[in-house]
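The hints should help you fit chain P onto chain F, whose structure is shown.
Protein chains: 2
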Amino acid sequence: MAAPRIAIDGMGGDSGPAAMLGGMARALKADPSLRFLVIGDEALVGAELDKHVFPAGSVELLHAPDAIKGDEKPSQALRRARTTSMGMAIAAVKDGRADAALSAGNTGALMAIAKLALRTMPGIDRPALTALLPTLGEHDCVMLDLGANTECDAQNLVQFAVMGAAYARTVLGLKKPRVKLLNIGTEELKGTDELKEAAAMLREASYLPLQFDGFTEGDQLSRGKVDVVVTDGFSGNIALKTAEGTARFVTDLLRRAFTSSLRSKAGFALSKPALHMLKVHLDPNNHNGAVFLGLNGLVVKSHGGATPKGICNAINVAARMVRNDLARQVGEDLDNFRAHAFNGSEAAK
Amino acid sequence: MAAPRIAIDGMGGDSGPAAMLGGMARALKADPSLRFLVIGDEALVGAELDKHVFPAGSVELLHAPDAIKGDEKPSQALRRARTTSMGMAIAAVKDGRADAALSAGNTGALMAIAKLALRTMPGIDRPALTALLPTLGEHDCVMLDLGANTECDAQNLVQFAVMGAAYARTVLGLKKPRVKLLNIGTEELKGTDELKEAAAMLREASYLPLQFDGFTEGDQLSRGKVDVVVTDGFSGNIALKTAEGTARFVTDLLRRAFTSSLRSKAGFALSKPALHMLKVHLDPNNHNGAVFLGLNGLVVKSHGGATPKGICNAINVAARMVRNDLARQVGEDLDNFRAHAFNGSEAAK
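Line by line, the protein sequences give chains F and P. Sequential numbering of the first sequence, starting at 1, is according to my numbering. Sequential numbering of the second sequence, starting at 1, is according to my numbering.
Read the hints as simulated data drawn from the structure, not as lab findings. Wrong hints could be hidden among the right ones.
As the list claims (entries may be wrong) - With a straight-line Cα cutoff of 35 Å, these simulated DSBU-like cross-link-like pairs (lysine-lysine) come out:
(1) F/Lys-190 to P/Lys-196
(2) F/Lys-279 to P/Lys-309
(3) P/Lys-190 to P/Lys-115
(4) F/Lys-94 to P/Lys-190
(5) P/Lys-69 to F/Lys-225
(6) F/Lys-265 to P/Lys-279
Here chain F stands alone, though its shape is the one from the complex (with noise of 0.2 Å):
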């Protein structure tokens, strides 16, 4: 298939430009076969386009006259997106110029833009943040929503579980993932209604290529006993930013112990090599690119504050789904679901 082609919002998040195309640079670097469509101020993307030596062909430079604030509402966000650069990268999906869009910018935004302009997949009533976390298994897990939704009813549970193993399929491998419903207790009565009446459905669904595992808690995303983690955006946020802050608050203690004393000092010189790979793993920038699932288009939010190399994870991230082509799966998924559910509910009457 030919290569992935990836909308890049040039003017989000908190280094702007810079990150941006040192990202690209990055990914360049690695598949040379990418191309990019990068969408921003003319003046401020050229200059830092001037600092690289792309490929020939592979970075085309359109020009947006605005950009999205960090602060701003998604409201006001959204009658500005034809003028604005992630406005402009997302159309730029829509009318098929980009196989994917990637920004860095105010994500309720970019949800709200992205979510009118290439609206939901047949089935789907709202699209879910979706990411890959860290684990000590053999792969990362998949978690949804991540906060693109605040409240959710059991049916957008039931479709981000679907959506959500779709995208293990495609980009982790697994022929049927497991998929758990995160919850504070593991007990079948545990939890509120819409979490006990998902899991009721999500039982019944067994023609569906998951397993379906039950409740699992908070303190289980990381063992690795889970392919796939459907939550409320509430709940996601919360946890993906818990894990994020107490991994911080664990590498700053470890930090104390080793400056603590000379004997402790010249531990770590010694233990440096292999910490490496803690850090390495650890690091939010090598788990960058969440993806909004379930609308008709790729788009992809890399974290705010993401260096190159995040930012060329991020990249990474789109450029695997396109090739996997996770929309034409996802959708196959759900076709299946919506014609079983149809078949039961009729079977029912």
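The following block gives chain P in isolation, referenced to the frame of chain F:
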């Protein structure tokens, strides 16, 4: 004041009477003035009692014919309150034979039995499970609710804020604790309606002995910039368990790193004394003892898997609350709050 008398559910928790009696022995060693009423199967608890030498008159054993199971439904446990060690420990608090009760058993059952027997304080609709979390700051941070109430309205959250602040004042010795609501962003428009409404109410209540600082996110919990974190029991439980799981994840990675080569093993040996501090800081036994705030009586919940050291810490939490007369402090703050809230709504007419 007289020494704290603590009723112990001798049968709860993963290791039953052994951990409970071991914890009592540790606590008495540090503070021989403590008094215990330990409740459970006479033979089982008696056998553990014989393994320790307690100061004369410090421990009384009360036979309970039955015990609440770990997976028993709260509704079922309620019916067996009168004959079980857990129910009898709560009854001892109600009757004034003990100043506080401690159990390592089934949380849902403990909550249900305690709520029915002790009732909520005037002005409190629901009690909240409250604990101290480790931080990088000078002291721990108070967090509530950690799982007693799956769903909470704005009024519940405001009551939790008042109780949490009273807890921080008495147990942490802070004059005007900094209180924040856990949310998925810090902007005023973020989150559920309940959170926005609770924030509006707390912003108005400047007469309260607390400083309301708006919203906080999951990654800020351990930074030491907030004294009391208020949330509903679902999100609170997810955050607490995710933090525990992530801390374990990072230390597991650390262990792998240290054992990956001879060189790193040597580094570990050198750094061991400093790393021991990290272990102490993260050991859940050192932060054991969550309290149900808002009841007419003190009830402390221990981790089910707590060691004697963990039980000893939970006993210390209970003793400190009794000595600081936490119940009176919370009651006064609530009276104050209700008086103002009442005047406010009268004035608005």
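Pair hint outcome, F/Lys-265 versus P/Lys-279 [Cα-Cα no greater than 35 Å]: Cα-Cα ~18 Å, so holds.
Under the criterion that the straight-line Cα-Cα distance not exceed 35 Å, is the pair P/Lys-190, P/Lys-115 satisfied? holds (33 Å)
Is it true that the CA of F/Lys-279 sits at most 35 Å from the CA of P/Lys-309? holds (32 Å)
Between F/Lys-190 and P/Lys-196, does the CA-CA distance stay at or below 35 Å? holds (26 Å)
Holds or violated: P/Lys-69 with F/Lys-225, Cα cutoff 35 Å? holds (27 Å)
Going straight from one Cα to the other, do F/Lys-94 and P/Lys-190 come out at no more than 35 Å? Within the cut-off at roughly 29 Å; holds.
Hint compliance for this structure: no hint is broken.
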